[in-house]
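What follows is the residue order along each chain.
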Amino acid sequence: MTQIIQVVIFGLLLGGVYALMASGLTLAFGVMRIVNLAHAVFIIGSAYIAFFAFDKLGIDPLLSVVFIMPLLFVFGVGLYMALFTRIEGTARYVEMTVLLTFGLAIMIEGLLGWGFTGIFRQATPAYLTDAFFIGDFLIPTGQFIAAMSSFLLLIGLWGFLRFTRIGYGIRATMQNRAAAQLVGVNVRRVSAIAFGISTALAGASGALMSYLFPFFPFRHWQWIAVLLALVVLGGMGSLKGVVVGALILGVANSLVVDQIGPGWAWMAFYAALFFILLVRPNGLFGKEVAA
Amino acid sequence: MIEDRAAGDGLEPRAVKAVTAPKRPATYRWLVVGILLVSLLLLPLSRPVLGSYNYVILLATNTLMWVAMASSWNILGGYTGYISLGHAVFLGVGGYVAAVPLFYYGISPFLTAVIGGLAAMVLGLVAGLITLRTRGSVFIISTIALLYMFLLIFENSDYLGGTAGLPLPVVPLPRDWLKAPFYYAMLLAAVGSIVLTYQVAHSKFGLGLRAIAEDETKAEVAGVPTRFYKILAFALSAFWVGFVGAIWGYSLAFVRPTLFFTVAIAAQMTLMAIIGGRATVAGPVIGGVLIIAINEFSITKFGSSEINIVIIGALLVAVLLFFPLGIVGSLREKGWLPAFLDWD
Amino acid sequence: MALLEVRGVDAGYGHGPDILRGLSLEIEAGTSYCIIGPNGAGKSTLLRVISGLLPPRSGEVAFKGVPFNGARPDQVLATGICFVPQDQAVFPEMSVRENLVVGAYLVRDRSLIKERMDRVFELFPILAERESLDAGKLSGGQQQMLTLGRALMIDPEVMMLDEPSLGLAPQIAEQIFATIRALKDLGITIVMVEQNAVRGLELADWGVVLDLGIVRFEGPADTILKDPRIRELYLGKAANLEETP
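Chains as they are written, first to last, in the working numbering: chain P, 1 to 291; chain W, 1001 to 1344; chain C, 2001 to 2245.
Mixed in with the good hints, there may be bad ones.
[Stated by the list, open to error] Just so you have them, the derived chain W footprint on chain P, three or more residues with Cβ under 8 Å: (1) 144-157; (2) 231-237; (3) 261-273.
[Unchecked claim] Result set (EDC-like, lysine to aspartate or glutamate): computed pairs, CA atoms no more than 20 Å apart in a straight line: (4) W:K1204 with W:D1215; (5) P:K240 with C:E2093; (6) P:K240 with C:D2134; (7) C:K2226 with C:D2205; (8) P:K240 with C:E2098.
Hints are computed from structural coordinates only; laboratory data are not their basis. We put the beta carbon where it would ideally sit given N, CA and C, even for glycine.
Chain P extracted, bound-state conformation (with noise of 0.2 Å):
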């Protein structure tokens, strides 16, 4: 039994980072309808700065989100304008943002392997290989700092999604863009603010890679399979939903790995995606299916 409840605490310590991954992606599609297949590449880049600003400069990955999450935010706000506002009413929309995206994808993951070739990188903290213990169970320094991190970030977005006038834009256009060009919401305006800040929390997730997950520029996707699986398992668009599946999926992820093997990390979030496609298409918070 302490070794199952040890196996969810690692779960849901990582659960909480998959969710901040995957909050940026859920964001993006929720307001502007853009399937981000670029998400993890721009994770990936990410952790690159961190690892080199770590490596080579000394600053710690915690520290470098400071500056990658500006960087990140003027980014994707430049990628909107420069991409997206380019296919606004085009038919077929949304296939146009996933090939569009793609494309991207395959891109950036080109320019990061031909800069920082295809070896695998890791920053190395002191906190790294850290522990601490409540009660018998060990908490791991770096994955329970991470976990923080992820939350405290998650509380900011949502804190900034209710209370700020931006925030009120961004919600209005996710739930009803006609109707909220009609209360006045510039909606081209708050889609790339929007898709900044999904680029940002991109950007924060990487600098957390960094350190948690050894990386290289091919890796990313994987990754963005997984956190594709856990937008629709949220139900495309859904914070609570994504955060809510990030966490139940980690655990399930680490009972996988511990009861059957390393080998079958991730078959949680794929099995789990075919399930709900079986029995509830729409995901687990879903309201309706995204076209």
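Starting from the structure of chain P, add chains W and C where the hints point.
Below, chains W and C alone, put in the same frame as chain P:
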């Protein structure tokens, strides 16, 4: 013969076929295609006259393989409008279905490749039953998940060699003729997938698929059995990819999960079909040849596959933004498409 | 000079045909208008063009003599023209209060927001009761009240209402009409499209009959209501059954 059948079975109204039948193509178009086909058939015999024979045959084999895969992808992604980014799953399944009898019992993949294709089809049917319950983005996501799920299953199977895969014996042929059988098999796959696409495009079934791509709800209201058609399209688009997988594994002399079940391969098929022109018969062929040419060029020029990936990604973005119909589609829209490239 | 002028507007959707064909119309301040006409006449399209949701293919819309020149919906709204669409477009996962706050998206002054919210709650006591309920959980009539209340949050000069009684029970619809009359009394210029043409004309000062994308007739609402040709052509059975006192 058609008259006989029309009198005999009466299952399908022939009138519908007549409506969708293509205009009689210019004879010179088929002349060009015929000359091309004959030269492709004769290519392996050119050893005495061709300097870089091995390189040419390898490149041609590779191109034909990709043409077959891009054309197959087009049946679902182009005509039906359902983008699959997990089509590499069929390549892997075909590869393993042929590799296992070879590894354990010494049965040649040239005999089992068709079974590889059929296995891919069956997987297409089953996967289609689940994934095609959704549309648009959720469908695309589920195809990626399907691919990764199979990667995990194959990596964790000891019988299939796990992550290391299975080493395969080399074809028992004299060195000089080692490459020819693979070449002909891929030629068969390429021609087969193009013919299949043509058949689909010119059938009532293909008309239904186009209707689904246009507006699925309307298609359904109009009486198109959308669910059945979509699943069938998924299965048909899997067959030749599975076949190709069987041959490809044999030609590499090994199968390994990470080599087959990868988004990169699925990406390439998608890219070729889109750049060439979705929902056209010639599009994926032209896209395939073009992308392979770019690959060859950039690898010899820059010596790195990373630059190549960047170019491919940038190309996809550019085509989507500026020529969403692809080469064939855009040229046809402008009326500049040379008749020998208009295979529809 | 008219408050709002529509000059020779052609408009349509996508690659489709023109729905509005050179339509011109003048809206005077403080007057209430009811636009009637058969389905497809372009009533909703006209409101969408004025609100900036649908850019006209040619022609222009001018407010206080200043043409809009392809202004976005939020820019049109900022001038004081608001549009209440026909599908009770609330934000379903926001509370009633949040819906009103977001209605004042263009208002930066918090005390002003508070003031206007109080006024809305006064006008619709039922909304005050359900203040913290998610808007998606309100009834159809309450949602319509909420969209009207939300529109009031910017203190508009012109309110355009697209079928405000659509899909509502007669009793609820009566309530909405009473509210519209109250808005009129507040001095707001009302431009309303109403499928219940008789009821709409009774409420309005001025009637406008659209057909095939142009203004066919316009005049004082009671004249329009009594005109035998218009009764015959556009008011149909409803008018004959429901004699007005």
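We went through each hint and held it up to the structure:
no. : hint                 : in the structure
1   : 144-157              : violated (count 0)
2   : 231-237              : holds (count 3)
3   : 261-273              : holds (count 9)
4   : W:K1204 with W:D1215 : holds, 16 Å
5   : P:K240 with C:E2093  : holds, 12 Å
6   : P:K240 with C:D2134  : holds, 16 Å
7   : C:K2226 with C:D2205 : holds, 14 Å
8   : P:K240 with C:E2098  : holds, 19 Å
When held up to the earlier numbered hints, the structure conflicts with hint 1 and nothing else.
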